[in-house]
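> As a plain string of letters, each chain reads:
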Amino acid sequence: MVTYIVRRLLYSIPVLFAASVLIFFTVTAVGDPLANLKQNPLFSQQTIHNIQERKHLNDPLTTQYAYWVKDAVTNKFGSPLLQPGTKIWNDLKRVIPHTLQLVLLAEILALIVGVAIGVYSAIRQYSIFDYAATTFSFLGFAMPVFWLALMLQILFTNIFIKWHVRIFYTSGLSSQDPGSGIHFWIDRLQHLAIPAMTLMLLSIAQYGRFMRASMLEVINSDYVRTARAKGLPERTVTLKHALRNALIPVVTVSAINFGALIGGAVITESIFQLDGMGPYFLNALFNQDAYVVMAWLMVSATAIIIFNVIADVLYGYIDPRIRYD
Amino acid sequence: MHRSHFRLMLGVLVAVTSLIVAGAAGGASKKSTAGSVTFGAEQEPPCLNGFTSGCNNTWTSWTAGIALANVMIVKPDFTIKPYMGNAKVVSRKPFTVLVTLNKKAKWSDGKQVSADDLIFTWQTIVNPKFDLASRSGFDSIARAVKVNGKAVKFIYKTPYAPYKVQFATYSIIPKHALEGLDFNTVWDNNYNNKAGQTMASGPYKLQSYTKGQSLVMVRNSTFWGKRPTLDKITFVFRTNTDTEIQAIRGGEVDAIYPQPQLQLAQLRGQSGLKVQTNAGTTIEHIDINTGAGNSSPLLGQAWFRQAIAYSLDRTGMIKQLFSTLNPGLPTLNNLSYVTAQKGIYVPHFAKYQINNKAKRLAKVAAIMKAHNCTKGGDGIYSCGGEKASVRLGTTSGNKLRELAVEIMQAQAKDAGIEFKADSQPSRLFFPRIAANKYDLALFAWVGTGDPAGQVDIYGCAGDKTADNPQGYGGSNWKGYCKPGVTNALKASDAALNPKARIKLVNKADALMANDVPTIPLYQKPTYFVFKTSLKGLVDNPTLQGPTWNTEGWKAG
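If you're matching them up, the sequences are chains P and Z in order.
Numbering of the first sequence is given in the numbering used here, commencing with residue 447 and proceeding in unit increments.
Numbering of the second sequence is given in the numbering used here, commencing with residue 1321 and proceeding in unit increments.
Hints are not guaranteed to be accurate.
As the list claims (entries may be wrong) - Here are the simulated BS3-like cross-link-like pairs (lysine-lysine), alpha carbons at most 27 Å apart as the crow flies: (1) P:K522 / Z:K1531; (2) Z:K1671 / Z:K1689; (3) Z:K1855 / Z:K1552; (4) Z:K1449 / Z:K1473; (5) Z:K1823 / Z:K1671; (6) Z:K1683 / Z:K1639; (7) P:K608 / Z:K1823; (8) Z:K1827 / Z:K1413; (9) Z:K1784 / Z:K1477; (10) Z:K1408 / Z:K1470; (11) Z:K1679 / Z:K1740; (12) P:K484 / Z:K1784; (13) Z:K1495 / Z:K1470; (14) Z:K1423 / Z:K1466; (15) P:K533 / Z:K1514; (16) Z:K1531 / Z:K1546; (17) Z:K1819 / Z:K1802; (18) Z:K1401 / Z:K1423; (19) Z:K1408 / Z:K1546; (20) P:K608 / Z:K1855; (21) P:K484 / Z:K1449; (22) Z:K1531 / P:K533; (23) Z:K1401 / Z:K1531; (24) P:K484 / Z:K1757; (25) Z:K1531 / P:K539; (26) Z:K1413 / Z:K1466; (27) Z:K1740 / P:K533; (28) P:K608 / Z:K1594.
To be clear, the hints were calculated from the coordinates, so they are not data collected in a lab.
With these hints in hand, go ahead and build the complete structure from the sequences.
Below is the structure:
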C-alpha cells in the first residue's frame, strides 16, 4: 500500500507539470496582463516598465513560463501584479484553511445524512420515505445555490427579528470578539452553518442517490442472502455486510467532490463573505491579476490530484479484494 | 423505536439545542457594546496606502483612512472648511498659499504634526519614483517655505484656484515615520512607524487589519479635536448587496453605505433602522462622440445632439429608476456643479426637459423637419440619407444603467431616433471610450463639487501632437473642441475670486448646453442605513463619505 501511494504521488508530478503548462499558456493566451493598466492614466510608464521587468513580460513565453515555475517553487508563487511587496502564497495560506473548514463541515455532514438516506431508501424501497427522498434529491439537484443561500439568509434573519434568538450568522467567518478555544469554534460553527447547509444540499442529493443505487445492488447479492440465511439479524446484514461494499462508489465520489469543492465553492463563499478560495479567485479575476489566477488554479489542480489519490487509497481500504502492487 | 435510534435522535437534539442556546447567549453578548460600532463596508481596500495607484479606492479613505487627517474638510453642503488646519491665499503674485496646522495636532506616537510633515507630503506626492493615483495641485507647487513649526508657505507655479480642494483631498503623512522608505510598498497593511507603532492624526487609529474579514479602528487618545465617543469602529467587509441587507436587518452590522440598488428599498420600512439618502457627487451622464470613431456623421451636428437631448424625458426616467430608493432625486442640469450648491448651480440644460410627451415629440419633430429629415416606415428619421440611428452603450452588469438604457431607447424611439444597445463589461467599455470608438456612452464621473480640471474633460488646451492634433484634454473622449469653452474653463482654474470663478464655469456650461457634447442625467444617490440607536451619523455625499465625522458618533 505504501509503495502504491508513493508511486501514485510520483505519477502526480508529470500530471502537475502538464497542468502547469496548460494553466500558464491558457491564461497568458487571454492577452497582455497590462493591457488595461496601459490605458489607465493613473499608472505611469515607469510602473508599467517596472512590472514588465519584474514579471519578464518582454521575454518569450517559454522563458516567462520558466520564471513563473521558478517563482512558484522557490518564491511562494511570486507577488501579485500591483503589489510587489506581498507573496501570493501568503494570501493562499490565509484563505485555504477557511475553505477547508467549510468544505469539511459540509461534506462530512452531507456524507452522514446522504448515506443514511440512501441506506434507508434502499431498505424501504418504494416506501413513502423512498419517494420523499427521491423527490428531495431532484429538488437538491435543481435548486440554484445562490437562491438557496439568499433564502436561508432571509430565514435566519427573520427568526432573529421575530424572536431575538440568533441561531446562526448570515455572513462572515467570525464575530468581532469570538473568544478563544471552544468559544471560538462555536462562533465559527455558527458562521459556517448556513453556508454549509447551502453546500450540503446538492451533496446530500448526490450521495443519497448513489448510496441507494449501490445498496440495492448489494443487498440482492448472494453473500448477503447467505448472511440472512445464516440467521444474522437484519441490522447486522445491512450495516456489517452490505453497507461496506455499497460505500465504495460513494467514497470515491465524495473524495473527488472534496477536492473539487476546494476551488468550487466560489458562489457560496462570495455570498456569505467567507474569506476563502472563492472570493480570492473572484477578486483576482476582476483585477485581471493573471499571476494570482494561475497560482489559484495550480492549488485547485493539486487539491484534485491529492484527493484522487486519497479516493483510490480509501477504495482499497474499504474493499480488501482490491490489492495494490 | 429502537433504543439506538432513540439515542441517536436524542444526541442530535442535544447538539442542535446547544448551538441555539450558545447562539442566543452569544448573540446577546455580541450586540454592539455601548462604545463600538460595526460598519458593513461594501468594498475591501486593496491595500491601505490610498495614495498609490494600486490602492486608490474610496473605501480605503473611508475605513483605515480616517486615521489620517486632512488640513481641510468638505462638508455635506459642499463647502470646504478648516479641519486639522487651514489653507489661505496670502499672495497672488506669485500665487502663495499659507497652510497652518492646529497647534494641538499630533501623531499617535506623541510627535507633533508639523510643517516638516506638510513639506514631506508635498515632496512625496510629486516624487516621480512613486506610482501615485493623482498629484493634482501638488504638482503645481514650485517651492515650499517653512514659516514656523506649524506653518508652510507653498508658492505655486501658476495661480491654482482649487487649492482648498487639494488640501481637503490629500491626507498629511508623517515624515519621521516614512522618510527614506519606498512609498510604493510601505503601509500596505498597516500605518506603522519605524518602531512598529501605529500612526494616526485622525480621531481613530488602526488597531488591526485582517485581510478578507475586517479592519478595526480604535480611539486615538492623542486626537487634537473633540474626544471621540466610541471606543472602537469595526469595518467588516460585506461586498454582496443582498448579504449587506440581511446583515443590517439581522443586526450583525450597525451601519451600511451601499451602492443604490433596487432591493435596498425594503430597508426604509424596517423598524429600528434609519435611512439617509442624498444626491451624491457621482455624475451619471451621456457623453456624445462628436468626432472620428462614431458611426453616424449626424453626431457631429449640434442640432442633432439637441434633438437627442429633447427626445429624452430624464425626469421620467429618474422617477422610474429611483422612486423607491430616493423619491426626490432631482434631474441634473449642469455639467460642473451639483444641485445642492445653492446660488452656484445654474440649470442650463433644463430647457431640454419637456415633461409633456406630445410637446417633447413635437419639439424633436420640428428640429428634424428644419433639417430636411423624414420619417421612415419604421418611425425613425432619415436626414440626407443618413438614418438617425446611433449606438448607446454602458457598463453591462450594472442593473440601474442597463435599465436606464432600455428606458431611453423607448423614449428616443417614440421621438424617431434609434438607440442601438451597445453595452460591455467595464474592462472593455472604458478602453473603447478612451479610444473614441463609440457613439453615446452612459457612465459616471466622480466629482468633488469643485469644477477643477474640467478643461481636461471638455477642453482642447492640451499639447498638440500627431496623435492628438487638436490638443484634446486627457479625458476629452468626445472629440469636442470649442475655444469659448476651453478658454472659460482654463481661466476658471486660475481665477482666485470665487464669484469670478463660478461665473466662468457657468459661462462654459451655458455654451455646452447649446452644443450638447454631453447630456447630464442625475447624481447617483447615496444611501446610508444605520440603527436608530446610533447618534451623530450624517451622510456626506461628497468624497469624504459617511465616515467624515466619526469623532461625533455615539452608540445608544
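> Within 27 Å, alpha carbon to alpha carbon, are P:K608 and Z:K1823?
Judged against 27 Å, a Cα distance of about 57 Å means the pair is violated.
> Verify the proposed pairing of P:K522 with Z:K1531, using a straight-line Cα cut of 27 Å.
Between P:K522 and Z:K1531 the Cα gap is close to 18 Å, so the pair holds against 27 Å.
> Would the hint linking Z:K1531 and Z:K1546 be met if the CA-CA limit is 27 Å?
violated (31 Å)
> Given the proposed pairing of Z:K1408 with Z:K1470, does the C-alpha separation stay at or below 27 Å?
Holds, because 14 Å separates the two Cα atoms, which is no more than 27 Å.
> Within a Cα-Cα threshold of 27 Å, do Z:K1683 and Z:K1639 meet the stated pairing?
Satisfied, since the Cα-Cα distance of roughly 22 Å is no more than 27 Å.
> With a cut-off of 27 Å on the C-alpha distance, tell me whether Z:K1413 and Z:K1466 pass.
At roughly 18 Å apart (the allowed maximum being 27 Å), Z:K1466 and Z:K1413 satisfy the hint.
> Is it true that the CA of P:K608 sits at most 27 Å from the CA of Z:K1594?
holds (19 Å)
> Holds or violated: are the alpha carbons of Z:K1408 and Z:K1546 at most 27 Å from each other?
Judged against 27 Å, a Cα distance of about 24 Å means the pair holds.
> Need the status of pair Z:K1855, Z:K1552: alpha-carbon distance at most 27 Å?
Status holds; Cα separation ~15 Å.
> With the threshold set at 27 Å, check whether the alpha-carbon distance from Z:K1679 to Z:K1740 stays at or below it.
holds (24 Å)
> Quickly compare the C-alpha distance for Z:K1827 and Z:K1413 to 27 Å and report which way the hint goes.
holds (26 Å)
> Between the alpha carbons of Z:K1531 and P:K533, is the straight-line distance 27 Å or under?
Roughly 14 Å separates the two Cα atoms, so the pair holds.
Hints 7, 16, 23, 27 from the list above are not met by this structure, while the remaining hints are.
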